[in-house]
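Asks: Using the supplied hints, reconstruct the complex from the two chains, each of which is provided in its own coordinate frame.
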Amino acid sequence: MPRKPVSLGWGVKKEGKSIWTRNANKGVSVRGERRKRSGKIEWRRWDPYKSKVAAALLTTNGDPSQILPEPGSVCLYLGASSGTTVSHIHDHVCGAENHHNGQLMAVEISPRMMRDLQSLAGQRKGLIPVLTDARDVNGYATIMRSKAQWIHQDLSIADQAQNFISIAEKTLSKGGTGLLSLKAASERSIEGGDESRFARAESLLRQSSLDFIERIDIGQYQEQHVVFHVKCL
Amino acid sequence: MEIWYDWRLSRVVDAEGNVLDQVNWSASSSVNALVDRLSELQSGRLSPEARVLANRFPEAVSNPLGAISDDSWPELSKEESEMLSEASIALAKKGVAASASDPDRRLDMLSSSSIELRASWTTQEARSVEWTGLFLPDLDLDDRRADIPLYVSKSRDIEHLATELGVSIPDHPPSESEWSAMNSQAKGVVSLSERLLLNEQATKELANSYVPSLSSLIGPLGAARMVVLAGGRERLARMPSGSLQVLGASGAMAAHRRGAPPPKHSPVLFSMPLVSRSPRWVRGKIARFLAGKCSIAVRIDHFGGQTWDDEEIKKIHREAESIRDRFPKPPKRG
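Those protein sequences? They're chains F and P, same order as listed. Counting from 1, one number per residue, gives the positions in the first sequence under our numbering. Counting from 1001, one number per residue, gives the positions in the second sequence under our numbering.
Bound-form chain P, shown alone (with noise of 0.2 Å):
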């Protein structure tokens, strides 16, 4: 004995066929009480009229796919269909609209616009110095390098801001049409910087609660970046920790399919000091058990456990520091 149902109706039939039971929606069916139902069927619940029969006919299995496999279950009528048509546009527009509210995708949108910017941000940073260098040959590059596009962005014109660096009048200036080029560059590195420092603050924010353990262990944005790469925060926590290890090294990862080396690390664990700094004969040691400890901290993250203390932190980054002092000459070749 088998319940089959659709949106409609819901039915007991019998091994030979015959219907046991009939229950229909009632006649108050209108659009929005439809959307409803065909959310709750999309997700595999029964519906109201299959609820009943299986209150009725505690024995019976229901079958999804008794309805569709019926060939005596009641045509669609016209007024059915365009309901169905238009409550299936109206759920998908729900659909569409509730997707905001998943942590994945607005920390691929924070993410992935943080390193854009930063991107962008380091060519122009590094273009608006090198062009104010140009015409101011006494400018210490390395010193003032952090005012040089504010100061740009704030002057009159060369002179103006010669004087304001302290530094003395250019022999060659820039034509007006240059300077307004160059100042308005400057201004533009300005600007971004505001955008970049808004957007880490954020994707930190969000990191921060939406992966609190894997943020403390390798940095929220480091972790943003993990989870971004991952497709979503539950494949990274079903992720082997070896798949961590060098997430995001899929170049590397291309040339090792065709013989080359193992990649060692991702470039998440390598913008780590504790990876970066290292002598590079343990980076890959520091790497596999930081990629362990990641894996955890984003299962305990996902799945719900305890977040990891500073403690907790501080215990793992010493036990990485050991793995690095285990290990202080290269090892021999050969």
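So here's chain F without its partners, still in its complex pose (with noise of 0.2 Å):
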């Protein structure tokens, strides 16, 4: 039987537990998602063992679409990796040859992953590619049209919290969204294991200037990991 679809956002429908952003490059699958066609809207598959933010979507108490940027906004994503959560940004907030005037930087480090999110680039606009250390903000600020609307950071490194308030702090506009997610094994190694190393995170979260909105446990799509959502005052 199919389930009523709910609209998370101009390009982004939730279907029972799945998830499926409006396809921006039409017939092509980033990393061999599912596809599918209504009308002349094609979607693809977000999955949530794959992506964080599809993960937090699923498993948000809050509202879903508020972890969303706006189409059209400045996005920073800082540790994009090889691009598959990026692209499905990208269906969001660029769309189409980037009809929503949207900018999403994806910063990433390592010149395996640039490889694959450059290609991904030239097939997508608005999607601009910076090679940098995600910590080094003077990197990619001067680049940026604006401060950004919506910050994802998902970086394997040791003080996550630290660097995601140190950059959130310099880059991210009042009122705009913030998304951390910590994974716990690069953390340094503390007393009490995982748990404790997301609640020392939580408070360093709480204590800052950021506004603290929820810790969303994806632990049943991505072992050790939390996603925290945090809004710039």
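Rather than coming from a laboratory, the hints here were simulated on the basis of the structure. Incorrect hints may have been included.
[As the list claims (entries may be wrong)] Straight-line alpha carbon distances no greater than 35 Å define the calculated DSBU-like cross-link-like pairs of lysine-lysine that follow:
{"no.": "1", "chain 1": "P", "residue 1": "K1314", "chain 2": "P", "residue 2": "K1332"}
{"no.": "2", "chain 1": "P", "residue 1": "K1078", "chain 2": "F", "residue 2": "K26"}
{"no.": "3", "chain 1": "P", "residue 1": "K1093", "chain 2": "F", "residue 2": "K50"}
{"no.": "4", "chain 1": "P", "residue 1": "K1078", "chain 2": "F", "residue 2": "K174"}
{"no.": "5", "chain 1": "P", "residue 1": "K1078", "chain 2": "F", "residue 2": "K36"}
[What the hints assert, rightly or not] Facing chain P, from chain F, some residues (calculated, C-beta under 7 Å):
{"no.": "6", "residue": "M113"}
{"no.": "7", "residue": "R115"}
{"no.": "8", "residue": "I128"}
{"no.": "9", "residue": "N138"}
{"no.": "10", "residue": "G139"}
{"no.": "11", "residue": "R145"}
{"no.": "12", "residue": "S146"}
{"no.": "13", "residue": "S166"}
{"no.": "14", "residue": "K170"}
{"no.": "15", "residue": "K174"}
{"no.": "16", "residue": "G193"}
{"no.": "17", "residue": "L233"}
[To be verified] Partial selection, computed: residues in chain F whose CB lies under 10 Å from chain P:
{"no.": "18", "residue": "V74"}
{"no.": "19", "residue": "Q103"}
{"no.": "20", "residue": "S209"}
{"no.": "21", "residue": "I213"}
C-beta: ideal position from N, C-alpha, C; glycine also.
Replies: Laid out in structure tokens, this is it:
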């Protein structure tokens, strides 16, 4: 029985437990994900087992549409990897031929990943690949159109929360949404295991100038991970 | 007073937000020129326009976050957007290509490939020897070990092989298809030996030039392995020597965190006869001493010090031997 789709924004919808984005590059799957047509629109399945943002959309207790950026906004994606999640964000923020006029900055330090990312950018207007260390804000701040309305940080480094706070304070615009995907295995070993690492990151975020919205446990899709949702006041 | 800038223009702005001066990028803007510009901006340098303003207003402080924080900063036109897209992709391509000039990455490929080849050579060579030994019971597998794969690969059949190796013709020969399999397996071992040799030669060559002191101290292959395990020469040079001592012993370190005794040495250090041929009660002491010397060596190599000569290396090896001589008996238990 077909489930009734719920719209989470212009280019994202949820059907039961699966999420779909409006494909900005028709006829092409980025990582072999399923595609389906409905009328003139082609939808691309967003796999929560591969993407932390998709996992957060499915597991949040709040309104999932609050996690997503607005179409046409400036977005900063730190730790873009080979661009799986980035491509879905691009579907929503830029759309085909970037008709929303969005700017999606995809920052990645690894040349191996950048290889895939830059060929993706060639097919998707509005996606700006930047090969640099995400912690070095000056490496991309002068290329951004304005402060970002949406930031997602997904870096395998120690002190992810401190880095996120310092980057968000510099580059997130007022009222902007920040997502921090925290990987417990990347943090230094402390007493109490993963849970205490999450708690430590949470208390850092709560003490910062950012407004703490929610801690989203995506453990059912990706082990040892949580996503923190914050807003810039 | 601050200088704000992006890739298109630069402004001098006073404390009240008034624009005192502005320089735009000249009309000759092209994608190629923008690639160079973005590359400069990314490495933290000022744009040419910002530099002009910095000369005009020496007291102004440059702020790379100024432009994105300013609501009245000029919007990007459609053409500018397209140009930025194109240039950012070109710059990313350039960066990807430039990663081939990184000796850390080249050493990673060489060293990892050498290790993989050696692992598969060991198993396949042993299989070839055992297989041949099964059919030729008279063959001395220890004395002739080095010859076996080559002889098997070059022989027409098992009788031919037996004659070539000077042993009696077996009563129970392999079937024709069995022999073909055995023969091609041996050919594989021979070609694997060549590939391994070439690989290790190239690894040694790069390690000897990239980390000369470390290479002469623990051997170029071990040095290469250490650099790769650390994730690059710089990271190795910044590691404390205690980390060097257990670099690669990740399983033992994980066990240590769960209460097991700490590892005495990494597999890299253990592969040195100075460690592995010493009595077990001094291995930890020698490994600790060598790890200290390794960390000095790699710092010399990375930060441009005077490379250690043979004299220096011999002195260190003598000192390690003297540690061994100082503890001839195992420590008393209890």
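Asks: Run the structure past the numbered hints and jot down the numbers of the failing ones, going up.
Replies: 6, 13, 15, 16, 17, 20, 21
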